[in-house]
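Input sequences plus hints: build the corresponding full structure.
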Amino acid sequence: MIKQRKTVVYSPESRIRNPLKLLSEMWQDLLASRELAWRLLVRDISAQYRQSLLGVVWAFFPPIVTALGLVVAKNAGAVNIGATDIPYPAYVMFSMSLWQTFVEALNGPLAAVGAAKPMLAKIKFPREAIILAKLGEVFFNFGIKLILIIGLFLWFKISITWNAVLAFVALIHLIVLGTGIGLLLAPFGGLYGDVGRLIPLAVTPWLLLTPVIYPVPKQGWFSIVVNWNPVTPLLVTIRDLATTGVLSNPSGFWVVSVLSFALLFVAWILYRLSMPLIIERMSS
Amino acid sequence: MLNLPEQELYNPSDDKELVLSVKNVSKRFCRDLKRSLLYGIQDIAGEVFGAQRQNVKLRKSEFWALKDVCLELRRGEALGLVGANGAGKTTLLRVISGLITPDHGSIEVKGRVAPLIALGAGFNPILTGRENIYVNMSILGLSKEEIEDRFDEVVDFAGIGESIDSPLQSYSSGMAARLGFASAIHTEPDILLIDEVLAVGDAKFRAKCYRRLSHLREKGTSFILVTHDSLSIMAICDTAIYLSKGQNVFSGTANVVVNKYEEDLFLGDSGREFSNVGNEMILPDKQDNYGLHIKSVSFRDKNYKVLEYLSSGRLANLTISGIAFEKVNNINLSVIINCLSGSNEEILVLKSSFDDQTFDFDIGKFTLQLQLPYCGLKAGIYSAKINLSDSLYFNILAFVESFKFTVKSNENMSKCSFYQPRNWIMIDEDSL
Numbered sequence: 582m583i584k585q586r587k588t589v590v591y592s593p594e595s596r597i598r599n600p601l602k603l604l605s606e607m608w609q610d611l612l613a614s615r616e617l618a619w620r621l622l623v624r625d626i627s628a629q630y631r632q633s634l635l636g637v638v639w640a641f642f643p644p645i646v647t648a649l650g651l652v653v654a655k656n657a658g659a660v661n662i663g664a665t666d667i668p669y670p671a672y673v674m675f676s677m678s679l680w681q682t683f684v685e686a687l688n689g690p691l692a693a694v695g696a697a698k699p700m701l702a703k704i705k706f707p708r709e710a711i712i713l714a715k716l717g718e719v720f721f722n723f724g725i726k727l728i729l730i731i732g733l734f735l736w737f738k739i740s741i742t743w744n745a746v747l748a749f750v751a752l753i754h755l756i757v758l759g760t761g762i763g764l765l766l767a768p769f770g771g772l773y774g775d776v777g778r779l780i781p782l783a784v785t786p787w788l789l790l791t792p793v794i795y796p797v798p799k800q801g802w803f804s805i806v807v808n809w810n811p812v813t814p815l816l817v818t819i820r821d822l823a824t825t826g827v828l829s830n831p832s833g834f835w836v837v838s839v840l841s842f843a844l845l846f847v848a849w850i851l852y853r854l855s856m857p858l859i860i861e862r863m864s865s
Numbered sequence: 005m006l007n008l009p010e011q012e013l014y015n016p017s018d019d020k021e022l023v024l025s026v027k028n029v030s031k032r033f034c035r036d037l038k039r040s041l042l043y044g045i046q047d048i049a050g051e052v053f054g055a056q057r058q059n060v061k062l063r064k065s066e067f068w069a070l071k072d073v074c075l076e077l078r079r080g081e082a083l084g085l086v087g088a089n090g091a092g093k094t095t096l097l098r099v100i101s102g103l104i105t106p107d108h109g110s111i112e113v114k115g116r117v118a119p120l121i122a123l124g125a126g127f128n129p130i131l132t133g134r135e136n137i138y139v140n141m142s143i144l145g146l147s148k149e150e151i152e153d154r155f156d157e158v159v160d161f162a163g164i165g166e167s168i169d170s171p172l173q174s175y176s177s178g179m180a181a182r183l184g185f186a187s188a189i190h191t192e193p194d195i196l197l198i199d200e201v202l203a204v205g206d207a208k209f210r211a212k213c214y215r216r217l218s219h220l221r222e223k224g225t226s227f228i229l230v231t232h233d234s235l236s237i238m239a240i241c242d243t244a245i246y247l248s249k250g251q252n253v254f255s256g257t258a259n260v261v262v263n264k265y266e267e268d269l270f271l272g273d274s275g276r277e278f279s280n281v282g283n284e285m286i287l288p289d290k291q292d293n294y295g296l297h298i299k300s301v302s303f304r305d306k307n308y309k310v311l312e313y314l315s316s317g318r319l320a321n322l323t324i325s326g327i328a329f330e331k332v333n334n335i336n337l338s339v340i341i342n343c344l345s346g347s348n349e350e351i352l353v354l355k356s357s358f359d360d361q362t363f364d365f366d367i368g369k370f371t372l373q374l375q376l377p378y379c380g381l382k383a384g385i386y387s388a389k390i391n392l393s394d395s396l397y398f399n400i401l402a403f404v405e406s407f408k409f410t411v412k413s414n415e416n417m418s419k420c421s422f423y424q425p426r427n428w429i430m431i432d433e434d435s436l
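So the protein sequences, as listed, match chains A and B. Here the first sequence is numbered in this note's numbering, starting from 582 and rising by one per residue. Here the second sequence is numbered in this note's numbering, starting from 5 and rising by one per residue.
Note that these hints are calculated values from the structure, not bench results. This structure is a prediction, so every number in the text was calculated from the model and none was measured. C-beta atoms are modelled at their ideal positions from N, C-alpha and C, and glycine is treated no differently. Treat each hint with caution, since some may be false.
[Unchecked claim] Covered stretches of chain A, as calculated for chain B (at least 3 residues, CB under 8 Å):
# : region
1 : 588–596
2 : 621–627
3 : 698–709
4 : 767–780
[Stated by the list, open to error] Simulated crosslink set (DSBU-like; lysine-lysine; CA at most 35 Å straight-line):
#  : chain 1 : residue 1 : chain 2 : residue 2
5  : B       : Lys148    : A       : Lys602
6  : B       : Lys38     : A       : Lys698
7  : B       : Lys290    : A       : Lys587
8  : A       : Lys587    : B       : Lys148
9  : B       : Lys27     : A       : Lys698
10 : B       : Lys264    : B       : Lys290
Now the structure itself:
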């Protein structure tokens, strides 16, 4: 039996000159990378938790600790936060978990490229795999946080409607936004170290401009800023779906969602076109 | 009319199928880091906006890592890549595997390319050897079924015993390299790129690797071998390419190319040439004037005439001439002969002191001979490593790294591994 062998041609021509071919290659690579992405995901999670005593507990430590600090501060009157729909501790922990998931998705691509540098510099493999693996990690970590969230909801006797299932869909949109931005930054992060240092710097003020530790502001210039923050409609919608079941900003949600998917797509193309140029500058 | 059983027809063109074609490939790199990053941004922009890439020139601080390199590789062939450090060999391999895009020219590859370049890509030190095999082979492009098919073979080949279930961080570097090599060599690609990794492991493992590589070769895998070990290249490769400063300066059969490469290597060193005249090797003068210098090596017949080649079964005297700058006694002559046209093993290790013979040198010219009444070697190309050392500690006083010679034989030797001196007679037992 004659083995089917594929012929590949490498040339200096920019791949964007042949958009259909580019899109078909992207799709092929995405399919080809599923298995590898799974292996890398299993590898990374196993390695992370094998050398750790507390193991998966680390996934929900941060929200609990932050929430505790905020609850104490609020009750002492040190911070002035308005009333929230659900009990404040639950509100904070739930919102923090969502925010942290967003930040993980944002950091994902750059971290993936950084960790995979030895592999990237020496072997050709579908590079979507490392991004998918990191994405898998984000979902895995959220899965663990979900245990915390369910526990919270039970403890505070917060009722949920069937719309809570839709909350997952909205969560995916939030992760898409994070990954899209992260993927856009990844190539530049591969070249310049500044990008990797800029992200944590930007995340902290960003948190304060998102209704995570406070309820959505209704008036004033601050509410305008908060509402223009793309994370806000997504986060708020997830919260709404999980708790009251009534969407407070459906139009905002859909606009940001569509933009997020478009951003992810564009970022993917950029990632694909730029990675070979970055790899040739990586040491082998 | 015979009814032949259904079988695959032997298609001679299958053997000559082109698996790799590199046409006028050029690649530029930048020496300056900061500038290189800037060019990176520039190139990304060019790529995204579909800039035309005609007549790419060198920007400031750039140089050509590869310039107009052409090569062809057919199924089952082995190509050697030689050149000094920094000549562009690894860059060429990276371009062939599709990791880097060329600035000029094109590369056409038919089938799967596997690099034996980075052993253990994707290895995580905390996971066990077993788990790491899965990761590594997955990165090299194998599907789950393919990995499971070969898993036992890989574990067996690596030969690290029970450590396979220990975390990788507890392995020695040799063990980790063996694991990496075992995974990589079982990927069964169409083209295998081997970049200076054949030195891994102990001699037994290396022999296993060579055997596996020839097995792959028989199944139709083509190789590109990059190594500084000329003996390997001559033993394994059919053709070779000599790269110098990114350019293909010489290509042809492996022996010829390696000779040219070694010539250039030494030309750079001492400023004088080797001359291999009528198979007498004349060595360049050394700078220092102490100890022993070997000036010429040759095989001569009983009339002291230089032999162009040796013949199995005939007399040959290995003649070593030189100058002694000081009086030294009890010197041992070692001659180690490797067979190049085969599996590159050491065939003969002859030391005069093992035969209780040492030499005393007075100041002035000397000539030594290792007299072989019958050349026992069969037809082929051999390389001799010659050295003069003191017989007590075997400190080397003078050496010749490689003296290549050919042995020819008649058709009677075709089924013999070596020449056996012999007589055929009929005896009468009763008269004994």
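Check: Failing hints, ascending?
Finding: 7
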